[in-house]
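From first to last, the protein sequence lines are chains A and B. As numbered in this note's numbering, the first sequence has no gaps in its residue numbers, which increase by one up to the final residue, 323. As numbered in this note's numbering, the second sequence has no gaps in its residue numbers, which increase by one up to the final residue, 650.
Calculated directly from the structure, the hints in this document are not laboratory data. Because the structure is a prediction, the values reported are computed rather than measured. Beta carbons are placed, not taken as given, at the ideal position from N, Cα and C, and that holds for glycine. Any given hint could turn out to be false.
Claimed, not checked - If you anchor each label on the Cβ, the simulated ranges turn out as follows: (1) ALA387/B x ARG244/A: 55 to 61 Å; (2) GLU17/A x PRO356/B: 21 to 27 Å; (3) LEU159/A x ASN541/B: 50 to 56 Å; (4) ASP632/B x ALA299/A: 25 to 31 Å; (5) ARG163/A x GLU517/B: 55 to 61 Å; (6) SER496/B x ALA247/A: 53 to 59 Å; (7) PRO44/A x LEU648/B: 46 to 52 Å; (8) GLU385/B x PRO44/A: 32 to 38 Å; (9) GLN94/A x PRO423/B: 42 to 48 Å; (10) ALA299/A x THR554/B: 33 to 39 Å.
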Amino acid sequence: MTATAEASAPALHNALELVLADVTDRTPSIRSFTFRDPAGNELPPYVPGSHIIVHSGDKANAYSLTGSGVLTAEYTISVLRVDNGGGGSAALHQLAPGARLSVSRPRSAFAPVATARHHLLIAAGIGITPMLSHMRAATEWGHSASLLYAYRQGEGAHLDDVRELCGERLLECTDRSSFLAALGVRLGEQPLGTHLYVCGPQGFMDTVLSAAAVAGWPPSRLHSEPFGTADLDPGQPFSVTLGRSGAVVDVPSGTSLLKALEDSGHKVPFMCRQGVCGECILPVLRGTPEHRDLYLSEAEKTANNSIMCCVSRSRDAGLEIDL
Amino acid sequence: MLSTQESTLTPSARRFPFPFREDSYRYSTNVEPAPQFVPTDAGGWGDRLIEIDPHYGSELEERAAILDRDPSRIAMLPHMGPAVWDTITTLLPVLATDYPDVMCFTREGRRCHWRNDLLGLDIDFVIGDASTLPMEPLRFIGSQIQDDIALLDQREDALWLDAGVITFAADWSLGFDVGMRFLEVHGPVPRVHEEQIITRAQQFLMRLQPGEKFRRTNWTMTVDRRLDTSTETYPEWGPDRLEVVDDPDLAKRLHLRVEVQHLIRLPHSGAILFLVRTHMISLAEISAVPAWRQRLGRVLAELPEDMADYKGISRYRHAAAQWLLGG
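If we strip away everything but chain A, and leave its shape as in the complex, we get:
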């Protein structure tokens, strides 16, 4: 599964510089890319279902890793080419082995639930990628899992992989009516304590989730791939006026207010830089902050007289702080 992470890509925080080691065609439109550390070091392990953000040209896109996450000599993603898409899949498809790319560290936003008695994985098309990761991890740790995989005839990516991995635990569907019939059966026969995971086009996920709700599945047992929610978006550029000196500091997209203040020589106390500890609070004299922190209460956020400058930004052009 893919999703556009940022329209114009800012520099990735703490990125890995990797070399493209292998390119494999899975279908006419889906290609796998395997990345390695140029020095041959192991890459950071990851939670099953994690994604990485890959920089390609001036675009950045999130792609699911397809390994189990335990043994990480390499990262492999599979990318559906979308010729008119905004995320740079076409540019990626032009890369040849040996290319160097900037790749984010893995981010987890679609993790398996450890207490699940059984994992029911449901994928359509390129949505198979995080499921491959889940299934590999379940197999390695001896957890119970099964896969329902819908794809168009001739366009099923990773079919060999999932067939070998799943054996009897795999059900393939190549048309809508047989998928809906299989879904109905599967939703009704899972043991109590099963968690369901779905990834595919939005319409497909909506179909699965509403069928599960009708079949009586509680929302807490249903998981769909929510790309990009773990990261704050880079935000719009804005300027801030410093009340005491009258100086104006520009804050570009992808740069925090705290970082912009530091870069312009202002010392602001800070600790977590994630909007929780409360250390970097600044009084607001004018304007409307775009609150993105976890520190201020709802009442404080509504009052708009303070801002956590490590994560929050400005809703308008007139932000003025007491600094």
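Chain A is already provided as a structure; the job is to place chain B on it using the hints.
Chain B in isolation, oriented as in the chain A frame:
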């Protein structure tokens, strides 16, 4: 001007994580990235994730004896196996990097080699195969570091205390808390719920990304450098808190107890590893650092009654403050 008498400082004072930034103390979500060095009036601390000090051998022996005596100090719900292995494969390389003269970790696929000269240990084991370790995996990693270990699973938009090896608890019980939500574990703490501190802490933890490491400090006081002040042994240590008040040796017996708590998102299981390392220093040792002596005295004198009660120090804290500020 307060000056520190270098000659009277003990080595543990030089590395002691003195926690107070001001002359008063209130709860806050005081997290910061780890590791990072913090200078203090006596030296500094915090440049390593796992701190090994001269008490290493004796504290690990004490943990082993406690676990033999009371197996309820170690607990693991069945789904936490991968998180325990994740803990092992995360911490052993950190130890090997920070203490290369005495520790070495290598790994090829799932096969690992671990050498710890401090314990005379040299073993090969396979990740996921408990029979290749000299003891159950959670107890094994608890036998390599002085920190207490808790593991929090994340699900249903909450964190759950689902495994741990806790032998040096500051008046709480793993056996009682295991399986609880993070918010439930902190239910008895005064003030923090009105101030949303625990809720914020949980949200922060749930957003930690794999491999991210943060830390905070917490503190209380303990009579006689006793590490095991768990709820289970209350009858052994509870009475000391009253008896110490009139003891002429109060300054030697009363210790400031500081926990350096590390919060680490484990990279593969996604569980939160919560390490609690307990450091203790007597009032007598603190008095060698005049800035600490004065600051702790003021903090103890000012601390609101409900917080002193919860910390279990209300019986003697004014006597301690008097000693620190009077002498």
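How the hints compare with the structure:
Between ALA387/B and ARG244/A the Cβ separation comes to about 59 Å, which falls inside the hinted range of 55 to 61 Å. The hinted window of 21 to 27 Å between GLU17/A and PRO356/B holds, with their beta carbons roughly 22 Å apart. Here the CB-CB span from LEU159/A to ASN541/B is close to 53 Å, well matched to the stated 50 to 56 Å. In this structure the hint that ASP632/B and ALA299/A lie 25 to 31 Å apart at CB holds, the actual value being about 29 Å.
The hinted window of 55 to 61 Å between ARG163/A and GLU517/B holds, with their beta carbons roughly 57 Å apart. Our hint of 53 to 59 Å for SER496/B and ALA247/A holds, since their Cβ atoms are close to 55 Å apart. Taking the beta carbon of each, PRO44/A and LEU648/B are about 50 Å apart, inside 46 to 52 Å as hinted. Here the CB-CB span from GLU385/B to PRO44/A is close to 35 Å, well matched to the stated 32 to 38 Å.
At about 44 Å, the beta-carbon gap between GLN94/A and PRO423/B stays in the expected band of 42 to 48 Å. Under the hint 33 to 39 Å, the C-beta atoms of ALA299/A and THR554/B, about 37 Å apart, fit the expected range.
Consistency note: the structure conflicts with none of the earlier hints.
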